[in-house]
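Those protein sequences? They're chains R and V, same order as listed.
So for the first sequence, the numbering used here puts the first residue at 30; every next one is plus one.
So for the second sequence, the numbering used here puts the first residue at 22; every next one is plus one.
In case anyone wonders, no lab produced these hints; they're calculated from the structure.
One or more of the hints may lead you astray.
[As the list claims (entries may be wrong)] DMTMM-like, lysine to aspartate or glutamate: derived pairs with alpha carbons at most 25 Å apart: (1) 25(V) / 502(R); (2) 52(V) / 114(R); (3) 52(V) / 172(R); (4) 115(R) / 51(V); (5) 28(V) / 502(R); (6) 409(R) / 388(R); (7) 25(V) / 550(R); (8) 162(R) / 539(R); (9) 52(V) / 502(R); (10) 28(V) / 114(R); (11) 112(R) / 48(V).
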Amino acid sequence: MERPDRAAAALGARPRANGCSSAAHGTLRNGYINHIVHNGGLYKRPFNEAFEETPMLVAVLTYVGYGVLTLFGYLRDFMRQWKIEKCQNATEREEQKDFVPLYQDFENFYNRNLYMRIRDSWNRPICSVPGAKVDMMERVSHDYNWTFTYTGRVIKDIINMGSYNYLGFAQNAGTCQEAADKVLSQYGAGVCSTRQEMGNLDKHEELEKLVARFLGVESAMAYGMGFATNSMNIPALVGKGCLILSDELNHASLVLGARLSGATIRIFKHNNMQSLEKLLKDAIVHGQPRTRRPWKKILILVEGIYSMEGSIVRLPEVIALKKKYKSYLYLDEAHSIGALGPSGRGVVEYFGLNPEDVDVMMGTFTKSFGAAGGYIGGKKELIDYLRTSSHSAVYATSMSPPVVEQIITSMKCIMGEDGTTVGKARVQQLAENTRYFRRRLKEMGFIIYGNEDSPVVPLMLYMPAKIGAFGREMLKRNIGVVVVGFPATPIVESRARFCLSAAHTKEMLDTALKEINEVGDLLQLKYSRHRLVPLLDRPFDETTYEETED
Amino acid sequence: MDVKSMKNYLYWLYCQFELITCSYLMEPWEKLLFYTFNITMLVTVLYTAYIFVPVHISMAFQFFLHLFGNQQENTVSVVK
Numbered sequence: 030m031e032r033p034d035r036a037a038a039a040l041g042a043r044p045r046a047n048g049c050s051s052a053a054h055g056t057l058r059n060g061y062i063n064h065i066v067h068n069g070g071l072y073k074r075p076f077n078e079a080f081e082e083t084p085m086l087v088a089v090l091t092y093v094g095y096g097v098l099t100l101f102g103y104l105r106d107f108m109r110q111w112k113i114e115k116c117q118n119a120t121e122r123e124e125q126k127d128f129v130p131l132y133q134d135f136e137n138f139y140n141r142n143l144y145m146r147i148r149d150s151w152n153r154p155i156c157s158v159p160g161a162k163v164d165m166m167e168r169v170s171h172d173y174n175w176t177f178t179y180t181g182r183v184i185k186d187i188i189n190m191g192s193y194n195y196l197g198f199a200q201n202a203g204t205c206q207e208a209a210d211k212v213l214s215q216y217g218a219g220v221c222s223t224r225q226e227m228g229n230l231d232k233h234e235e236l237e238k239l240v241a242r243f244l245g246v247e248s249a250m251a252y253g254m255g256f257a258t259n260s261m262n263i264p265a266l267v268g269k270g271c272l273i274l275s276d277e278l279n280h281a282s283l284v285l286g287a288r289l290s291g292a293t294i295r296i297f298k299h300n301n302m303q304s305l306e307k308l309l310k311d312a313i314v315h316g317q318p319r320t321r322r323p324w325k326k327i328l329i330l331v332e333g334i335y336s337m338e339g340s341i342v343r344l345p346e347v348i349a350l351k352k353k354y355k356s357y358l359y360l361d362e363a364h365s366i367g368a369l370g371p372s373g374r375g376v377v378e379y380f381g382l383n384p385e386d387v388d389v390m391m392g393t394f395t396k397s398f399g400a401a402g403g404y405i406g407g408k409k410e411l412i413d414y415l416r417t418s419s420h421s422a423v424y425a426t427s428m429s430p431p432v433v434e435q436i437i438t439s440m441k442c443i444m445g446e447d448g449t450t451v452g453k454a455r456v457q458q459l460a461e462n463t464r465y466f467r468r469r470l471k472e473m474g475f476i477i478y479g480n481e482d483s484p485v486v487p488l489m490l491y492m493p494a495k496i497g498a499f500g501r502e503m504l505k506r507n508i509g510v511v512v513v514g515f516p517a518t519p520i521v522e523s524r525a526r527f528c529l530s531a532a533h534t535k536e537m538l539d540t541a542l543k544e545i546n547e548v549g550d551l552l553q554l555k556y557s558r559h560r561l562v563p564l565l566d567r568p569f570d571e572t573t574y575e576e577t578e579d
Numbered sequence: 022m023d024v025k026s027m028k029n030y031l032y033w034l035y036c037q038f039e040l041i042t043c044s045y046l047m048e049p050w051e052k053l054l055f056y057t058f059n060i061t062m063l064v065t066v067l068y069t070a071y072i073f074v075p076v077h078i079s080m081a082f083q084f085f086l087h088l089f090g091n092q093q094e095n096t097v098s099v100v101k
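One chain only, chain V, in its complex shape (with noise of 0.2 Å):
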């Protein structure tokens, strides 16, 4: 029952992203240019994200680890 009704959901979103989009309105070949176009952008964008962003951030945490440790430092010799 939830199945069926997650299903009839789905082909809701998908009838709103055909409207929006209007992709409705075009024909069968051009809906397979577009949707091919869309699905590649997606992927790379994906791919390069799930690539690049640990990374980033893992270089990120530790520029500002450095960053906070080197004040440490400098605090601790001031005071004495």
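So here's chain R without its partners, still in its complex pose (with noise of 0.2 Å):
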């Protein structure tokens, strides 16, 4: 596409402060919010990332339909505070409605009218293995998504857009199975202890000394929940005295990590590198807030791809603050871990870092290599630490053998010492599928969030009433989309995200584009109008969070 022609160009672009440097004015074009940052030698190819405006009548018709979802909202809680109407969520009880009401809040008042009505595009029950075709149980409702009834009936073959099986390793046949099959003959299947006390199998071992020669690190260790990694590891990491600073779209595993800790959290903005540095040197000059003490610690938690806007941390830099301002970064690669990079090893690995760099690498098995569980790597001190005082490690039932011999012999084919090159064909494919998949939807001219290599694509809806309707004209045609409403996003960004995979053919990638192409047409949903804004040549303030045309 362009991107030669960009690179090119930008190359030729005067430094600013920090290092950063701006692309030329004459590449871009007006109303595309788009960064591409060429570092001094901090990024090693181009970094392309682009969050489209919303235009502002797809804007105004959003609160349109909001306000009068929200009218007949209020409309059906009346009647059925006064009877008209049988009342069919949950309410308190008669003795109860004294006390501090539960259900007068605006999530549940979102829940009752405005989630019933679409409830029907999630919780599909499927009944198959969720490779890139899946099978699904097929339900009605008659009373308005109140409640399902299955008709008996199996949609068959629906092309998968909404499964993290990132390198396919989602199968039900092939040498995982088998793997894990004689492991489940030898071992069983629970392991009915923890970590601590009975539950330490030699598998366990394996796996935890091969988690740690693919990540580069000098030792991990596994866990059985890729949520209870994150949430009871930082606080055994962090307490109080210490600051954690933290995106601002990072996951609910990470933010109720943070909480627990008891340490300090600050937000600074998504991605956003003069956020951060703005963040941190505060920190360094003031120190805790009323005893002026330096903080104990200083951990920055960012994600490798956050799943929501398909957008990846940009590493280099945050690594170059973290050395410049002697803090800690703790990276959450769920999904970044096998889906990056030329063979699969992250985020650390796609921009060329050193992996001793990172202090803390987490991920999940959960994604890449169709399994469960999550991993935590770093230096053996840390490590043999987190093995002791580690909630998890301490508290936690340890993983079943089956699924540590899925992970041990996928991780193994991806780095290819099974004597094959399937996990590198598969990688390689991944990287195919997410280019050529991203591409065409933006040729269509579809609003698409995120990285150019993020295999997360989100593609904006926005209207509230497009989101069941994208949904369900998407399983007519045989395809399973996940949607994605408030309050996972901000209630006027809905999105639709597809999530794609190794196992996706070309054929199958064709179909699915042909028939959003479809839907596409028939529900309005192709905002774009491929404006872009150059890159302002003014330093970061608090007021200037986008770029916005002058």
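Using the hints, put the two standalone chains together into the complex.
As structure tokens, this is what we get:
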């Protein structure tokens, strides 16, 4: 596409403060907030991330839609209160009506009146392995989504664009399945203990050594649940008197872990390095709030790929800042491990950086390895400390052996140690699929958020009725997609999120693209105006979060 | 042929209206209520426009004509 021209032109751009340089003006088209950074050698490849601005008319109409639904929500609540209509949602009992109301806040209002109307797009029961194609049980609702009944029919071979199956290891046949089968007959399914008591199998030791070798770190530890890895280990690493700098759009597990730890939390704007540097400077200069003592530790929490935006963290800049201000970095590679990098080792390899620069490398086995669980990798002292003091290690049941074997086999496949090139082929197929899919969707005229290389593709829908319509229309055409609205995203920025997989062949992607094109025309989703704003050459201040056109 | 594509286009426009105002998500009685309200407001606005707009336009036209006419007389009397 135009990337070589932009990169070439950008190389001649002049540097700004902090080593950043902005692309030359003539290379970008108006209206497209595009960040291409060539940073005096920090970035070895162009970093192409774009978040196109919402068109004004679309924003106004979205608010109109939400306004109408809110009015009808009030009407329905009134009718339920005065018993004109049967109340089918949860309410307090008569005896509890004098206490603090439980269901009057906005979230519950939204749940009763807006979410219920489009609820059939979520929690769809599938009845086969979630590979590139999946079978789904058909269900209907006769009372507008309050209850569902199964018709008994199974919709077969739905193209699965919603599962986190980046490398296609969600299979029920093949080497991984055979290995897991053997381990199941040898060890059984349950462990019946925690890691510290009787649950430390030799399989776990083998897995941890393998993970450490895969990531390029000294040591690693694996846990049974990815969410629990974050929420139970961050409290073990930081406590009161420490500072956590967390990205605006971090996952709930990171937020929960940060809050449980008791440290002070400060938020920096999403992927915005000027905001992060300002917070770091303030923290070092002013210290703790009242006593002015220096912070015991400063921990920066970022993710490799942010799954709702499809953006990739600016890791070279974060590491440069971390070294400059002597703080620590916690990188959550839940979506990026296996999906980025020429050999699938994650975002650190994608940018060509040293894994030893990241203090705590966390990731999950749920997405690219087709299993369940999480890991933390880092220096040996750190992992030894976590083995004794993490809540997950002390209280959580250890991983089930067949799951461990699935991870071991898939990781060896990705590394190429099983003697085939299947792993490498899958990583390359995923990268090709990503580029092809994103390019085609952008050409069709949809607004797509995020980085060019991220396999998570959010397609903006904005209006609440289109959320439900998109999910239903795509299912009618045999394609399963995940649509996301409030509260996972801001209320006016609802989206459909596609997760690409190495298991998708080009024919499947072409079919999917054809149907998305059709549905896009039917529902008028092609909002993109392909307008780009030239990057403004002024220093960052609090009011300039989004580059707007002058 | 043209009638059919016209009808399809109008149906598509109706679908867009349904999606934008979220009446796609409403139950039938809610839709009835919503459309009744909308059509009543629309009819009221159109009826009011039909009655008052020509009167207003002619009054405005007369006002400007009067102003313009006065000016003409004045200039004539000054120049002599």
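Structure-based check of each hint:
1. At most 25 Å may separate the alpha-carbon atoms for a hinted pair to count; residue 25(V) and residue 502(R) meet this at roughly 23 Å.
2. For the hint linking residue 52(V) to residue 114(R), the alpha-carbon distance of about 17 Å falls within 25 Å, and the restraint holds.
3. Our distance criterion of 25 Å between C-alpha atoms is met by residue 52(V) and residue 172(R), whose separation comes to about 16 Å.
4. Taken as a hint, the residue 115(R) and residue 51(V) pair is honoured in the structure, with Cα atoms around 15 Å apart against an allowance of 25 Å.
5. The suggested pairing of residue 28(V) with residue 502(R) holds, with an alpha-carbon distance near 21 Å, which does not exceed 25 Å.
6. Taking the CA atoms of residue 409(R) and residue 388(R), the gap is near 11 Å; set against the 25 Å cutoff, the hint holds.
7. The straight-line distance between the Cα atoms of residue 25(V) and residue 550(R) is roughly 19 Å, inside the 25 Å bound, and the hint therefore holds.
8. Proposed proximity of residue 162(R) and residue 539(R) is supported: the alpha carbons are some 14 Å apart, at most 25 Å.
9. Taking the CA atoms of residue 52(V) and residue 502(R), the gap is about 21 Å. The hint holds against a cut of 25 Å.
10. The straight-line distance between the Cα atoms of residue 28(V) and residue 114(R) is roughly 38 Å, outside the 25 Å bound, and the hint therefore fails.
11. Restraint check for residue 112(R) and residue 48(V): satisfied, since their Cα atoms lie roughly 18 Å apart, inside the 25 Å limit.
Violated hint: 10 only; the structure is consistent with all others.
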